[in-house]
Amino acid sequence: MDFNLTPQQQLMQQLMRDFAENEVKPLAAEIDETERFPRETVEKMARFGMLGINVPKQYGGAGADTLSYVLAIEEIAKVCATTAIILSAHTSLACGPILAYGTEEQKQKYLVPLAKGEKLGAFGLTEPNAGTDSAAQQTVAVPEGDHYVLNGSKCFITNGGQADIYIIFAMTDKSKGNKGISAFIVEKGFPGFSIGKKEHKMGIRASSTTELIFEDCIVPKENLLGEVNKGFKIAMTTLDGGRVGVAAQALGIAEGAFEETIRYMKERVQFGKPLSAFQGLQWMAADMKCAIEGAKLLLYRAAMVKDSGRPFSMDAAMAKLRCAETAMDVTSKCVQLHGGYGYSREYPLERMMRDAKITEIYEGTTQVQKMVITGQLFK
Amino acid sequence: MKIIVCIKQVPDTTEVKLDPKTGRLIRDGVPSIINPDDKNALEQALSIKDENPDATVTVVSMGPPQADIAMREALAMGADEAILISGREFGGSDTWATSYIIATAIKKIGEYDLILCGHQAIDGDTAQVGPQIAEQLGIPQITYVQAMRIEGDEVIATRQLEDGYAVVSAKMPVLLTAIKELNSPRYMTPRGIFEAYEKQVRVWGFADVPVDEARIGLKGSPTNVNKTFSPEPRGKGEMLEGADRNTVKALISKLTEKHVL
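Chains as they are written, first to last, in this note's numbering: chain A, 20 to 398; chain B, -5 to 255.
In short, the hints are calculated from the structure, not lab data. None of these values were measured; they are calculated from a predicted model. Some hints could be false.
With a Cα cut of at most 30 angstroms, we get these calculated DSSO-like pairs of lysine-lysine [stated by the list, open to error]:
1) B:Lys193 x B:Lys101
2) A:Lys217 x A:Lys63
3) A:Lys135 x A:Lys44
4) A:Lys217 x A:Lys128
5) B:Lys101 x A:Lys292
6) A:Lys63 x B:Lys193
7) B:Lys43 x A:Lys63
8) B:Lys174 x A:Lys76
9) B:Lys230 x A:Lys292
10) A:Lys128 x A:Lys138
11) B:Lys15 x A:Lys285
12) A:Lys76 x B:Lys101
13) B:Lys11 x A:Lys285
14) A:Lys252 x A:Lys193
15) B:Lys11 x A:Lys44
16) B:Lys230 x A:Lys76
17) A:Lys138 x B:Lys174
18) A:Lys138 x A:Lys63
19) A:Lys138 x A:Lys195
20) A:Lys63 x A:Lys249
21) A:Lys292 x B:Lys174
22) A:Lys135 x B:Lys193
23) A:Lys252 x A:Lys398
24) A:Lys376 x A:Lys308
25) B:Lys11 x A:Lys308
26) A:Lys135 x B:Lys15
27) A:Lys285 x B:Lys101
28) B:Lys(-4) x B:Lys213
29) B:Lys193 x B:Lys11
30) A:Lys207 x A:Lys217
31) A:Lys44 x B:Lys174
Covered, in the sense of this in silico footprint (three residues per stretch, anywhere, with C-beta under 8 angstroms from a C-beta of chain A), are these stretches of chain B [said to hold, decoys possible]:
32) 2 to 8
33) 61 to 70
34) 165 to 171
The calculated label-pair distances, taken between Cβ atoms and stated as ranges, are [stated by the list, open to error]:
35) B:Asp117 x A:Thr385: 41 to 51 angstroms
36) A:Asn41 x B:Glu192: 19 to 29 angstroms
37) A:Gln127 x B:Ser41: 55 to 65 angstroms
38) A:Gly313 x B:Pro25: 16 to 26 angstroms
Ideal Cβ placement from N, Cα and C applies to all residues, glycine included.
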């Protein structure tokens, strides 16, 4: 067993740390405050080849391993959780399923521009009445001649309105429940496809989260992703990959808050000594460090299992569960250690705490992760 | 056009401390980076290559085997090839011996039009190796370069001086030393990182570089370090508080007294 990063992974970490520090961090507070989508950062990530990190080189990506991708998300999330999820949703949820299930034509037409960063991607599964119960899809797709006609709506879609290419799930056979769902590649300009209401959120406020509306939306038959009625499996395996990305985001948030707090504890003096000299507070820091490093090991292992080709659902679920809970717990404690300054927008801690909460909810709630884990344990 | 860029892997001195007893750098656990000015030199080479696709950029460094990662970083930024001069025999070389070894290696590479170096390394701060390489090779040098362009077979460069700047030109081949004002170094790309490991970093040992053994290492180095130490911390500064006219007057008189104004 080797706990060392490869030289490639070390360089990737160094690159993403520099990028996060120089390009992402300076915008983090402002885009949170104004809920402005950081288009300029997306353009920079595209220019520097960061939107196709783990897409094979033959499709325009960097051909990196999953752990390198995790390190990239983690470094960005340390300074800005919003930017991290824009990248994660694009990579895991849009590039991921096209790479895994797309035809060669679909890969050339959609994956290549996504990986090169010419297009941004999104993923539409959740509906107003199909959240955790994602099989209860009400969006329908009816075949007609050389195309499908989609009707229905999606909600809480990350990169909604900003993305050019959407992976959309819809019922092709209502009688079959989750065995009647199919996946489609939908372009922004397809007739009958429009963007609905934009959400105003507690955290990750600059990520564009919107409704997607399909009114007699025409989708060519060649844009069916995978086989008819096999879409639920595509959704579930895509989310396994997505969970690795969200876990990396959560871990990064925890680490970012923790680094800020260690620095603060050395500087902040009360009762004539720095906070770091109070044993009660030292012990809080020790507990946080253990939680972060434990979550990191689960996550890095999940990434490596994914690359080994072995089933990784349970590893991804455990990593996502532990990283998200660690993010929430650590950021809350870090706000506490900063006292009034932690609660003030002058410091990034309150933003990090608001951002952390979503990691316990999206791409499978904490409770869903436990369902996945126990489903494997007791099968 | 053939461009050679000399780089050095250095400890990130923003994170380095001195051992108060020995006066030496505590290098344990300190990350190593490409010397910042050298990255400006590399960026200049790469931007010339951007505009002249025929140009090649060869990165040369002398250092321990661990400097491999710095070579890979240079490749991941876009350099074409990398040569690491590495061997025990080279250990202990001062700037004169180092520049002799690097110049000898450059002669072995053969043809070149431009050699770019950072003006100084953040660990030694000597600013000697670049100019000495030019001397050893017998080519012109332009130091402290903040801007440059190529016209025909000439380089026209702006040198930063303490009280202004000077624009000078020299026929190629020429060696330039870069300062940070020259440009902003590009990032590596994720793809570049993985391709950097598909390329080869050539490692040249003692047997590969035709140097005179008496002129390298400790015995070939005229420099002797007698002592290293941290400078005494300066006394506490004097704080003037207030935002009124009298405080400003007091400040101005203090600054005038110290010949700052």
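For each hint, the structure was consulted:
1. B:Lys193 x B:Lys101: 23 angstroms, holds
2. A:Lys217 x A:Lys63: 24 angstroms, holds
3. A:Lys135 x A:Lys44: 23 angstroms, holds
4. A:Lys217 x A:Lys128: 28 angstroms, holds
5. B:Lys101 x A:Lys292: 60 angstroms, violated
6. A:Lys63 x B:Lys193: 26 angstroms, holds
7. B:Lys43 x A:Lys63: 21 angstroms, holds
8. B:Lys174 x A:Lys76: Distance of about 34 angstroms is beyond 30 angstroms: violated.
9. B:Lys230 x A:Lys292: 21 angstroms, holds
10. A:Lys128 x A:Lys138: 11 angstroms, holds
11. B:Lys15 x A:Lys285: This hinted pair holds, its Cα atoms lying about 25 angstroms apart.
12. A:Lys76 x B:Lys101: 37 angstroms, violated
13. B:Lys11 x A:Lys285: Given that 30 angstroms is the threshold and the Cα spacing comes to 18 angstroms, the pair holds.
14. A:Lys252 x A:Lys193: OK: Lys252 of chain A and Lys193 of chain A at ~16 angstroms, within 30 angstroms.
15. B:Lys11 x A:Lys44: With a Cα-Cα distance of about 27 angstroms, the restraint between Lys11 of chain B and Lys44 of chain A holds, given a limit of 30 angstroms.
16. B:Lys230 x A:Lys76: Judged against 30 angstroms, a Cα distance of about 58 angstroms means the pair is violated.
17. A:Lys138 x B:Lys174: 35 angstroms, violated
18. A:Lys138 x A:Lys63: 13 angstroms, holds
19. A:Lys138 x A:Lys195: 34 angstroms, violated
20. A:Lys63 x A:Lys249: With Cα atoms ~36 angstroms apart, Lys63 of chain A and Lys249 of chain A exceed 30 angstroms; violated.
21. A:Lys292 x B:Lys174: 40 angstroms, violated
22. A:Lys135 x B:Lys193: Roughly 22 angstroms separates the two Cα atoms, so the pair holds.
23. A:Lys252 x A:Lys398: Judged against 30 angstroms, a Cα distance of about 18 angstroms means the pair holds.
24. A:Lys376 x A:Lys308: 19 angstroms, holds
25. B:Lys11 x A:Lys308: Status holds; Cα separation ~24 angstroms.
26. A:Lys135 x B:Lys15: 53 angstroms, violated
27. A:Lys285 x B:Lys101: 52 angstroms, violated
28. B:Lys(-4) x B:Lys213: 34 angstroms, violated
29. B:Lys193 x B:Lys11: It is violated: about 35 angstroms lies between the C-alpha atoms, which goes past 30 angstroms.
30. A:Lys207 x A:Lys217: 16 angstroms, holds
31. A:Lys44 x B:Lys174: At roughly 22 angstroms apart (the allowed maximum being 30 angstroms), Lys174 of chain B and Lys44 of chain A satisfy the hint.
32. 2 to 8: violated (count 0)
33. 61 to 70: Since 5 is at least three, the answer is holds.
34. 165 to 171: With 0 residues in contact (Cβ-Cβ under 8 angstroms with chain A), the coverage given for the stretch 165 to 171 of chain B is violated.
35. B:Asp117 x A:Thr385: 41 to 51 angstroms: 48 angstroms, holds
36. A:Asn41 x B:Glu192: 19 to 29 angstroms: 27 angstroms, holds
37. A:Gln127 x B:Ser41: 55 to 65 angstroms: 32 angstroms, violated
38. A:Gly313 x B:Pro25: 16 to 26 angstroms: Distance hint for Gly313 of chain A, Pro25 of chain B holds at roughly 24 angstroms.
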